[in-house]
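Engineer: Residue strings, one per chain:
Number of protein chains: 4
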Amino acid sequence: MRLHTAAKTHIEQPAELAAPQSIAVRVYYEDTDFSGSVYHASYLRLLERGRTELLRTLGVEHRDLFAGGRKGGFHFAVRSMTIEFLKPAHMDDELLVETRILGLGGASVEMRQEVRRGEQVLLTAQVRIAIVAEGKARRLPADIFAKLQAGAAGSPSSNRL
Amino acid sequence: MRLHTAAKTHIEQPAELAAPQSIAVRVYYEDTDFSGSVYHASYLRLLERGRTELLRTLGVEHRDLFAGGRKGGFHFAVRSMTIEFLKPAHMDDELLVETRILGLGGASVEMRQEVRRGEQVLLTAQVRIAIVAEGKARRLPADIFAKLQAGAAGSPSSNRL
Amino acid sequence: MRLHTAAKTHIEQPAELAAPQSIAVRVYYEDTDFSGSVYHASYLRLLERGRTELLRTLGVEHRDLFAGGRKGGFHFAVRSMTIEFLKPAHMDDELLVETRILGLGGASVEMRQEVRRGEQVLLTAQVRIAIVAEGKARRLPADIFAKLQAGAAGSPSSNRL
Amino acid sequence: MRLHTAAKTHIEQPAELAAPQSIAVRVYYEDTDFSGSVYHASYLRLLERGRTELLRTLGVEHRDLFAGGRKGGFHFAVRSMTIEFLKPAHMDDELLVETRILGLGGASVEMRQEVRRGEQVLLTAQVRIAIVAEGKARRLPADIFAKLQAGAAGSPSSNRL
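Chains as they are written, first to last, in the numbering used here: chain H, 164 to 324; chain S, 164 to 324; chain A, 164 to 324; chain W, 164 to 324.
Source of the hints: derived by calculation from the structure; they are not laboratory data.
As the structure is a prediction and not an experimental result, all values here were calculated from the model.
Just so you know, not all the hints are guaranteed correct.
Here are the simulated SDA-like pairs of lysine to any residue, each with C-alpha atoms no more than 20 Å apart in a straight line [claimed, not checked]:
#1 K250/A to E282/A
#2 K310/W to A293/W
#3 K250/W to R301/A
#4 K299/H to Q283/S
#5 K299/A to E247/W
#6 K310/S to L221/S
#7 K299/W to R280/A
#8 K299/H to T287/S
#9 K310/S to D255/A
#10 K310/H to V223/H
#11 K299/W to L249/A
#12 K299/W to G268/W
#13 K299/W to L285/A
#14 K250/H to V295/S
#15 K299/W to E247/A
#16 K310/A to L249/A
#17 K299/W to R279/A
#18 K250/A to R301/W
#19 K310/A to R219/A
Some chain A residues flagged as far from chain S (calculated, every beta-carbon gap over 10 Å) [said to hold, decoys possible]:
#20 P183
#21 Q184
#22 S185
#23 A187
#24 Y191
#25 H225
#26 P251
#27 M254
#28 Q283
#29 L285
#30 A296
#31 R302
#32 A305
#33 A309
Built from N, CA and C at the ideal position, the CB exists for glycine as well.
Input sequences plus hints: build the corresponding full structure.
Structural biologist: In structure tokens:
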């Protein structure tokens, strides 16, 4: 059964992918549910931490973006996600969240994320985020685009479309 | 770009789809984030309420399933989700969550969900859930299968695979 | 051991308390943790729904308050809470959240809340909320004060301090 | 107005308090609400991480406790909290959560917690947790008691009551 293809905009992929950025996160009570494992929606919080830390590494802070003199409060919004929940995580687990920029469109960024426990991949996600101001999608500002491009792979093919 | 096709098992779809089950949910502080709109992961909580209420309507209660004399604690687990975030929802909005069973596999159920505000579709999701006990996927117990089948469309094509 | 007394401002209590406002809430997966019961912080979300619905009944909507032409975005902020967790709630439980205004100060509102399952009281909370704009506590605007006063008991002792 | 005194059991306090354990936490989208600040209930998740890390430092892991051969699944449950929300935290803030054991009762532990941003105290909390199995409060097992006692101050006055 075809689930659908989420990406409606053409997104150029760099020839070589950048190494993923990895953060360690701990599973706490807050992340679990009565089945004894991590609640499925809790992973989205972990994934967002991974994306935020990748952006921070590239010099993009959400708060600056929102308040930093840009009219209307720019912020990133998730446009689509495809998530595979492969194996459960449990209380007290230490997990890795790996995030990698797959490609940049004019108004969106495609990322690939994994949640791992050691060598085991527990979850994979493909996420498209867009930049939004005053409720509308915007072209990525040139300075943000340049920072994200540096975080992709720097190959010519990730030039602005 | 191909995002992937989540469904690894063949899932038979009924000839006619059942009418979706709809629940009303209110947006509270808890659901929003500093961008002023609903936080993307909060929708997953709303979607889960919709699925739970559909199951309840069909006579399947999570707690009974978990504790009801079945060895090892049966529970539903989300296996894959593909979500399109189309328009933002805001504080105090009253939303509808519509849930429909698309098809039944031997060990999983495919659902289609929408979040609406009046006529506007804010989000669509396709969700595959599996039944799990002792950390492993199980065939749907016959009584559960029958209840879910009644909730799909009752057409011959949704017979057990 | 003395825990402390949270209320630093004098709050006048009406001679007769208003009847509490009650809302029904269902326990979903999202509210539970791996102990099998409701996660302690989840009750705070339920309590906030109760307060929001009480305010709505009195004609105070958060979004209007925030965006409604008042300079700086007025919103309510919780200033202190004292919570007793008496008995656990479980998956699929249907709970009542009861909320009552105990008294009004010039810049804050004192509320008493209970979470019940039928006759059983599972949790009690005393909550002081203040009205905030541009990061600072503000006197309650006169129209809001009047609405809250109507929701307290309408007795002369709940006049503005 | 008297809010109440939460501690119903006598809790002995050590003569000298142990130094607090401190963990750093980052504020993410997930923690904020539409007012632009951290959602009040989100602090409870941060506080719980602080308590969990203190317990881990003392050699008490929630999962081991729950599954570790003790009949019925021992786990900690919050019995009461008194929280003062003093100043708001914001998106991207790096916060410190400080946790200190104030005293041990036969069946409960009293803790004092603070959330700080640099020198500023944003929140204080006093929390009583109990150990629970099969839905009932239990005396702290001797090995757990000894570990917690080491984490309090080791003074003679923190002996088992």
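Engineer: Would you mind marking each hint as holding or not holding in the structure?
Structural biologist: Hint check:
no.: 1; hint: K250/A to E282/A; in the structure: holds, 12 Å
no.: 2; hint: K310/W to A293/W; in the structure: holds, 15 Å
no.: 3; hint: K250/W to R301/A; in the structure: holds, 14 Å
no.: 4; hint: K299/H to Q283/S; in the structure: holds, 16 Å
no.: 5; hint: K299/A to E247/W; in the structure: holds, 16 Å
no.: 6; hint: K310/S to L221/S; in the structure: holds, 6 Å
no.: 7; hint: K299/W to R280/A; in the structure: holds, 18 Å
no.: 8; hint: K299/H to T287/S; in the structure: holds, 19 Å
no.: 9; hint: K310/S to D255/A; in the structure: holds, 18 Å
no.: 10; hint: K310/H to V223/H; in the structure: holds, 8 Å
no.: 11; hint: K299/W to L249/A; in the structure: holds, 11 Å
no.: 12; hint: K299/W to G268/W; in the structure: holds, 16 Å
no.: 13; hint: K299/W to L285/A; in the structure: holds, 14 Å
no.: 14; hint: K250/H to V295/S; in the structure: holds, 11 Å
no.: 15; hint: K299/W to E247/A; in the structure: holds, 16 Å
no.: 16; hint: K310/A to L249/A; in the structure: violated, 32 Å
no.: 17; hint: K299/W to R279/A; in the structure: holds, 19 Å
no.: 18; hint: K250/A to R301/W; in the structure: holds, 14 Å
no.: 19; hint: K310/A to R219/A; in the structure: holds, 10 Å
no.: 20; hint: P183; in the structure: holds, 19 Å
no.: 21; hint: Q184; in the structure: holds, 15 Å
no.: 22; hint: S185; in the structure: holds, 16 Å
no.: 23; hint: A187; in the structure: holds, 13 Å
no.: 24; hint: Y191; in the structure: violated, 5 Å
no.: 25; hint: H225; in the structure: violated, 6 Å
no.: 26; hint: P251; in the structure: holds, 13 Å
no.: 27; hint: M254; in the structure: violated, 5 Å
no.: 28; hint: Q283; in the structure: holds, 17 Å
no.: 29; hint: L285; in the structure: holds, 16 Å
no.: 30; hint: A296; in the structure: holds, 16 Å
no.: 31; hint: R302; in the structure: holds, 22 Å
no.: 32; hint: A305; in the structure: holds, 22 Å
no.: 33; hint: A309; in the structure: holds, 21 Å
This entry does not satisfy hints 16, 24, 25, 27, going by the numbered hints stated previously.
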